[in-house]
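Take 1 as the starting number for the sequence shown in the working numbering and just add one per residue.
Read the hints as simulated data drawn from the structure, not as lab findings.
Cβ coordinates follow ideal geometry from the N, Cα and C atoms, glycine included.
Treat the hints with care, as some may be off.
Claimed, not checked - Here are the computed lysine-lysine pairs in the DSS-like style, where the Cα-Cα straight-line distance is at most 27 Å:
hint	residue 1	residue 2
1	K345	K414
2	K303	K363
3	K456	K363
4	K345	K216
5	K351	K231
What the hints assert, rightly or not - What follows is a set of in silico ranges between Cβ atoms, one per label pair, in the way DEER data are often shown:
hint	residue 1	residue 2	range
6	Q199	R394	47 to 55 Å
7	G104	Y270	22 to 30 Å
8	D232	T443	55 to 63 Å
9	V412	I337	33 to 41 Å
10	L504	S208	43 to 51 Å
11	H348	F480	45 to 53 Å
12	F480	V164	47 to 55 Å
13	T400	P191	16 to 24 Å
14	R146	H264	29 to 37 Å
15	L486	H264	30 to 38 Å
16	Q184	H238	26 to 34 Å
17	H264	V412	41 to 49 Å
18	W343	R394	42 to 50 Å
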Amino acid sequence: RAIEDLMVLIPGSVVLGGPAINGGSDGRLFQPGLKYLVDGGDSSQIDSDFSYGGYQSAARITRLSVDALDEFRMVTGLGSAEYGQSTGTVVNFISKSGTNEFHGSLFEFFRNEKLDSRNYFNKPPDRKPPFRLNQFGGSLGGRIVRDKLFFFGTYEGVRQRLGVAQVALVFTQAFRDTLAPELQPVAAQMPLPNGPVSQTEPRVAQFSRAVSNELKEDTWTWKIDYLPTSKDRISFRHSGSDSFTKTYFGVSQDQFRPIPSVKHLAKLSYTRTISPRLLNEASLALNRLSPDTRSAGSDAVRKFTLGGAVTFGQGGELGTVGPATFDLLTDNTAYQIYDTLSWVKGRHQLKYGTQIVRNQDNKAVLPQRFVYFLNIDGFAANAPFGVQTYGWPRVGMRGTYYAGFVQDDIQVNKSLTINAGLRYQYDTNPTESHGRVANFDPTTGTLDPRGTPMMKMPKTNFGPRFGFAFAPTESKRTVFRGGFGLYFANLNPALPQFIPANLLDVGQNRFLLFPSSGFPFPDISSAVGAQALFAQQRDWQGSYTE
1 RAIEDLMVLI PGSVVLGGPA INGGSDGRLF QPGLKYLVDG GDSSQIDSDF
51 SYGGYQSAAR ITRLSVDALD EFRMVTGLGS AEYGQSTGTV VNFISKSGTN
101 EFHGSLFEFF RNEKLDSRNY FNKPPDRKPP FRLNQFGGSL GGRIVRDKLF
151 FFGTYEGVRQ RLGVAQVALV FTQAFRDTLA PELQPVAAQM PLPNGPVSQT
201 EPRVAQFSRA VSNELKEDTW TWKIDYLPTS KDRISFRHSG SDSFTKTYFG
251 VSQDQFRPIP SVKHLAKLSY TRTISPRLLN EASLALNRLS PDTRSAGSDA
301 VRKFTLGGAV TFGQGGELGT VGPATFDLLT DNTAYQIYDT LSWVKGRHQL
351 KYGTQIVRNQ DNKAVLPQRF VYFLNIDGFA ANAPFGVQTY GWPRVGMRGT
401 YYAGFVQDDI QVNKSLTINA GLRYQYDTNP TESHGRVANF DPTTGTLDPR
451 GTPMMKMPKT NFGPRFGFAF APTESKRTVF RGGFGLYFAN LNPALPQFIP
501 ANLLDVGQNR FLLFPSSGFP FPDISSAVGA QALFAQQRDW QGSYTE
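Sequences are here, hints too, so could you generate the full structure?
Given below as structure tokens:
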């Protein structure tokens, strides 16, 4: 139960897959073509537009509770010049406000596997995977001062446990007894088998178990509206969510990913009715998402002193030891300024506006070590194929979007309406908070000087919009609609985030082939640093649709 589910009520909307794979689209445009707004302020994921949590999180990145939603508008196809930075649909969720009357609600939704139908592959007598979902909360709104000051707030909680069956091959006790002392702690992180020995490899046997992936999510919204005069309205809304995801990725010790994530959305707006035909709205908005994607369930495994993330080959059937990959710490923020002037003049409904969005995309990859074995024989001999160290310090990509628009909706007569507009958009050249960028020049095979601009950003992103609606009959039951528009996507802040890795002093990526041993982890400080050079097209032109 989420406000994003309302999108499927619109004709032409489809959902591909489910939250577990971040599935969803509108009009067959994948989600990077979607744009989400709350009360007109950007609420997307900043470096992508997934409806549900990225960075391995199962959280919904809930923008509002359903009980906090007053209405929503889904702009598909021919959107006015007011909307941009998207090649597809723009969804604007409008939050509720308090009134002179007190009103509220309480709700509880419950699901489990006994209430769900079986899928095609889950047939009797097999048990259905355990599933528990509780979604609960409430809302309350009313007046603080009659006709002047109002409040509204909601809370929503989600508690979910989803059963998962895990099956993997692990080392037998007989094989463990033959290992050298330095390999014993590695093998000890694997559980002992509880199933049959492999027919092709007697040193491993099957292990199976049932575990529960967990999601805990708390979502809130509070809003204050103040009307100092009949012509002025000041509103402040803050909404957010605090979630924790626990997802198992292996059967060895603490092989699950704990992912805490916090989402904050805020908007301060001032609306002035200058005259009955002239209205101005100015606003400031904040959008922040901070997930910490941990690589394992404990420090003991994440910082396994004898090694790191250990793989054994065998075609992926044999379980791994240690963390999944590395800890990824993310803190993305968008600061926004909007101003819109609406003017009704005769048959014309005019709208002028400016929009400025400042993005800060901060990520850090904590140092991690990896040990790669081609097969069990290599592990038994403590002879890995390779060892690697990898990590980044915090990298902070920066960029600003500027946009301006004018829109004129003309009521030509009772049968014909014409919509005409023009939007201009300019994205600044992405920078790094400490100037740590150096684009790769494939023509010379060298790096640009440190801190120089990466790309030549386009300055001609003019997006004309034109549409019409014609109802030729007296009953107005038949309407012909058509139009044309040019829509530019913004530069995704995540696109140039690998450019700092071109500088050897920014990250740590060393790989040593066929070291003398894998455990204890060898000293590879003298190994040649592995370097993958990244390049951005200099005459960059973002995607667009027309």
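Status of the hints after comparison with the structure:
With a C-alpha separation of about 17 Å, the suggested pair K345 and K414 falls inside the 27 Å cut-off, and the hint holds. At roughly 20 Å between alpha-carbon atoms, K303 and K363 fall within 27 Å of each other, so this suggested pair holds. For the hint pairing K456 with K363, the CA-to-CA distance comes to about 25 Å; that is within 27 Å, so the pair holds. For a cut-off of 27 Å, the pair hint linking K345 to K216 is broken: about 52 Å separates their Cα positions.
Note on K351 and K231: the hinted pairing holds, with a Cα-Cα distance of about 19 Å set against a maximum of 27 Å. At roughly 49 Å, the beta-carbon separation of Q199 and R394 lies within the given 47 to 55 Å, and the hint holds. One distance hint, 22 to 30 Å for the beta-carbon pair G104 and Y270, holds here, with the actual separation near 28 Å. At roughly 58 Å, the beta-carbon separation of D232 and T443 lies within the given 55 to 63 Å, and the hint holds.
Taking 33 to 41 Å as the suggested C-beta distance range, the pair V412 and I337 conforms, at roughly 35 Å. At roughly 45 Å, the beta-carbon separation of L504 and S208 lies within the given 43 to 51 Å, and the hint holds. The given range of 45 to 53 Å is broken by H348 and F480, whose C-beta atoms sit roughly 22 Å from each other. Checking the proposed 47 to 55 Å range against F480 and V164 shows it holds: the Cβ atoms sit about 53 Å from each other.
Separation of T400 from P191 is about 51 Å and departs from the stated range, judged on CB atoms against 16 to 24 Å. Here the CB-CB span from R146 to H264 is close to 31 Å, well matched to the stated 29 to 37 Å. Distance hint for L486 and H264: a CB-CB separation of about 33 Å, consistent with the stated range 30 to 38 Å. A C-beta distance of roughly 53 Å is found between Q184 and H238, which places it outside the suggested range of 26 to 34 Å.
Here the CB-CB span from H264 to V412 is close to 45 Å, well matched to the stated 41 to 49 Å. The beta-carbon spacing between W343 and R394, approximately 46 Å, falls within the hinted interval of 42 to 50 Å.
Going through the hint list in order, the structure does not satisfy hints 4, 11, 13, 16.
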